[in-house]
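Residues 1 to 103, numbered by UniProt numbering, are exactly what the sequence shown covers, in order.
Since the hints were made in silico from the structure, they are not lab data. Mixed in with the good hints, there may be bad ones.
[Claimed, not checked] Simulated crosslink set (DSS-like; lysine-lysine; CA at most 30 Å straight-line): (1) Lys41 with Lys6; (2) Lys41 with Lys77; (3) Lys49 with Lys72; (4) Lys41 with Lys102; (5) Lys77 with Lys60; (6) Lys41 with Lys29.
[Stated by the list, open to error] What follows is a list of derived Cβ distance ranges for each label pair: (7) Asn7 with Phe74: 20 to 30 Å; (8) Glu98 with Ile3: 17 to 27 Å; (9) Pro37 with Glu90: 29 to 39 Å; (10) Val65 with Ile3: 34 to 44 Å; (11) Lys72 with Lys6: 31 to 41 Å; (12) Gly44 with Asn7: 10 to 20 Å; (13) Asn7 with Arg38: 15 to 25 Å.
We put the beta carbon where it would ideally sit given N, CA and C, even for glycine.
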Amino acid sequence: ISISQKNGITIASYGGQTPVAHVPDGPLKEALSSIHPRLEKTQGTPISKGQLISKWLIQKGVVVVVITTSSKVFRVKGFLDTENVPYLTEQEIRSIEEAGSKL
1 ISISQKNGIT
11 IASYGGQTPV
21 AHVPDGPLKE
31 ALSSIHPRLE
41 KTQGTPISKG
51 QLISKWLIQK
61 GVVVVVITTS
71 SKVFRVKGFL
81 DTENVPYLTE
91 QEIRSIEEAG
101 SKL
């Protein structure tokens, strides 16, 4: 991501939540589980692991492409509410990146 940004290339994420959806017990599980409670407490409302990953992508400067086939209103609202999820700390970002590098 950083090399692309240095060269003025915008990264777009399609399927950025795949690690959470398809590998729920994978290396990201511990990192996300340790970050998740702080974000929910700070926001005061529940957030999904997908929102957490989307927030990480946004903070990395990635354009998040959300295409859903869901007919569930709460899921669509969740995608739209990602911008209201509290910002991740630098340590939390590093934790996600370190765990994600093991996928």
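Each hint, compared with the structure:
1. Lys41 with Lys6: Roughly 35 Å between the alpha carbons, so the hint for Lys41 and Lys6 is violated.
2. Lys41 with Lys77: Holds, because 19 Å separates the two Cα atoms, which is no more than 30 Å.
3. Lys49 with Lys72: holds, 17 Å
4. Lys41 with Lys102: Since the Cα atoms of Lys41 and Lys102 sit roughly 28 Å apart, the hinted pair holds (cutoff 30 Å).
5. Lys77 with Lys60: Between Lys77 and Lys60 the Cα gap is close to 22 Å, so the pair holds against 30 Å.
6. Lys41 with Lys29: holds, 19 Å
7. Asn7 with Phe74: 20 to 30 Å: Once the Cβ atoms are compared, 39 Å apart, the range 20 to 30 Å for Phe74 and Asn7 is violated.
8. Glu98 with Ile3: 17 to 27 Å: Holds, since Glu98 and Ile3 (Cβ atoms, about 19 Å apart) stay within the stated range.
9. Pro37 with Glu90: 29 to 39 Å: violated, 18 Å
10. Val65 with Ile3: 34 to 44 Å: violated, 21 Å
11. Lys72 with Lys6: 31 to 41 Å: holds, 39 Å
12. Gly44 with Asn7: 10 to 20 Å: Because 40 Å falls outside the window, the suggested range is violated.
13. Asn7 with Arg38: 15 to 25 Å: violated, 34 Å
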